[in-house]
Amino acid sequence: MVEQGKSSFCEQKEAKKLHPFAQDLSGITAKGLLSLNILNFARLLRRAGLPLGPADMLAAQDAMTRIDIGTRTQVHTALRTTMVHRHEHQDMFDQAFRLYWRAAENNEVLEILDKLAGPKPPPEKAPPGTRRLAEALAAQKEKPTPPEQAREEIDAVLTVSDRERLQEMDFEAMSAAEINDAKREVTKLHLPLDARRTRRRRPDQTGPQIDLRATIRASLRSGGEILALARTRRVTKPPPLVVLCDISGSMSRYAQILLHFLHAVANDRDRVHTFLFGTRLSNITRQLRHRDPEMAFQLVSQIVPDWSGGTRIGEALAAFNQQWSRRVLGQGAVVLLVTDGLDRDGAAGLSENMERLHKSCSRLIWLNPLLRWEGFEPKSQGIRAMLPHVDEFRTVHNLASLRALVASLSAPPDLRAMDRWRLAA
Amino acid sequence: MPSALPATVADTAALLEAGGYVADTALATTVHLAMAMDRPLFLEGEPGTGKTEIAKVLAAGLDRRLVRLQCYDGLDLAAAAYEWDHARQLMAIRIAEATGAADRTALSSDIYAREYLRARPLLSAIDPDLPPAVLLIDELDRADEPFEAFLLELLADFQITVPEYGTIHAKTKPVVVLTSNRTREVHDAIRRRCLYHWVAYPDARRERLILARKAPQVQPKLAAEIVAFVQRLRGQDLFKLPGVAESIDWAGALMHLNQTELSPGAVDETLGVLLKYQDDIAKIKGAEAARLVTEAKAAAD
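Quick mapping for you: the protein sequence lines, in order, are chains L and W.
Letter 408 of the first sequence, counting from 1, is numbered 397 in our numbering, and no numbers are missing.
If you want our numbering, it's the position in the second sequence, counting the first as 1, plus 22.
It should be emphasised that the hints constitute simulated quantities derived from the structure, not laboratory data.
Backbone N, C-alpha and C fix where the C-beta goes; we use that ideal spot for every residue, glycine too.
There could be a bad hint or two in this list.
[To be verified] Partial chain L-side listing against chain W, Cβ under 7 Å, derived: (1) Ala52; (2) Thr62; (3) Gln63; (4) Ala67; (5) His76; (6) Arg188; (7) Ile199; (8) Arg202; (9) Gly213; (10) Gln312; (11) Arg316; (12) Gly319.
Let the hints inform the model, and build the full structure from the sequences given.
Below, the structure written as structure tokens:
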């Protein structure tokens, strides 16, 4: 906990140099300075990525009037409880609070704010959407034909790198037509057991249950005589979907199309959680929720540090099981695991963690995009460790288009192929 | 007569203390602010860290009734807020017909009178005819997302609108406590309306105080060893870490086995009270437990 100390939030009367934006505040009261400090502090937090609205600021101001602002822990807690709404933002808040506090004590708030107000580095790339804008302006022009996909001779690119490569992914810009195609394809996605009955009901004249409340309300129109029974039916909706997607070196050729798929899925259905893993696990659910795919990809490439590096599937699954499984696998979630099963760690801990994952979700589907010919033997240790713990194993023979991906996921499960694979493993 | 809300953070801390709840300053400040600002309190944290207990202690300390809503998947308005008594409404319609007084507008206001409205926990908590309440909405993460939408009006304005009847306002605003174990993410709309606090595992000093309150029959030496052991256990790489509730249970278990100090044998036998997953037990049992016991004993001295 923070040590007790005298508040300096309201002790800046002697501050000689005030921020330009504060200078016209003549006859500064302690309260005025306090709210100014809260405002400035909120700017710092926003810059650090905390979503703060005006309502949060008002709540923070209100909270200040109800505590002893001479006690640092109380000020700290009061600001935190009103400005932070998620546990994962708490560390960021605490750091920002310490930084701002020190600055306020040394009258260095100005320097911090000046740094914040400083010009942002100019974007190196054209901002997202540029291509689509250009297209829209030159609507008559013919669409650029996508470059011919180089035919691959060898199937799996067995380049499991032995070092972690930290790099930002650079995605190709997408055309408006491509985005629309993706949206259309993904609406056709139909995972197994997709229509799950919930406990909610909706009005339905042919439904099996009688809705007494609506029936009585309708009967009043005819003076209390019940002429027709109102009925309801249970609502069905798809279960939560959790996608764990491998983005290591051997999968890097598909990163673009997979991410495109994930973005379309995340914006098409409710309750989709998306994780990427190579050597570490990143939750990109919030980033993908951005409607514009290019914006979303830019956000994703900023937070994911391990594009096209090695794979530690066991470790990534362990991290998922430990930190996330209890938070996202409730309500009968279906897990879609997209990986080639080529593991850098020699499948260390993979079997145990696959087993735990399998036991915590209602259905585990493994999509392997690298198996393209029928006679492939599952020799890799990783594949052998994973196969016994999946409900369904699906392959894509040529992951060149979203259509192939959606078709593979929506097809009825090939049980015979499953058995064959299991036997081989 | 319910007592007034505490005026300062210190008063709130004293109120929790009097109820047997050992709170740190941050929690006491948050609870105080929630009551002073009339905002719901949203408590998130690992299971067994005393989230539900806060509501109980507040209800006892403020001398208010505790209205508890346990959430589950499929919880709907009829079970959470209110329900019309359809059987009696139908009866009232028949009687009106029989007596020939079937005037349509009168009938409508007759059968949608307050007496036909059955209050469920949410409505009961803001019922102006009942004494003030502490409303506990427990394990909100267990309810499905559509249920959260029902809560928004209540949490923002302490009122419930029944379409056929009108809006029911609270006379005295209830103290609202929501808890979540994070088995799913609660929506931002709920978070925005609440004051947020993450209830962490207590540090060793506070856990000793809690144990002294909740299991007073345990010898101080044993209690110190228990706390030191559990604190070390929380530093291990386990699937499910033991909460405070588990420490209290474990202290009780060791008392029943007439233990006066920790010994590796007794720890191995009772590990199931602390750890609830076989993988975790297998990892700790034996050598690891013996090592932790030695460390805990050294630290407790």
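Against which earlier hints does the structure fall short, listed by number upward? Numbers 7 and 10 - these are the hints that the structure violates, sorted from lowest upward.
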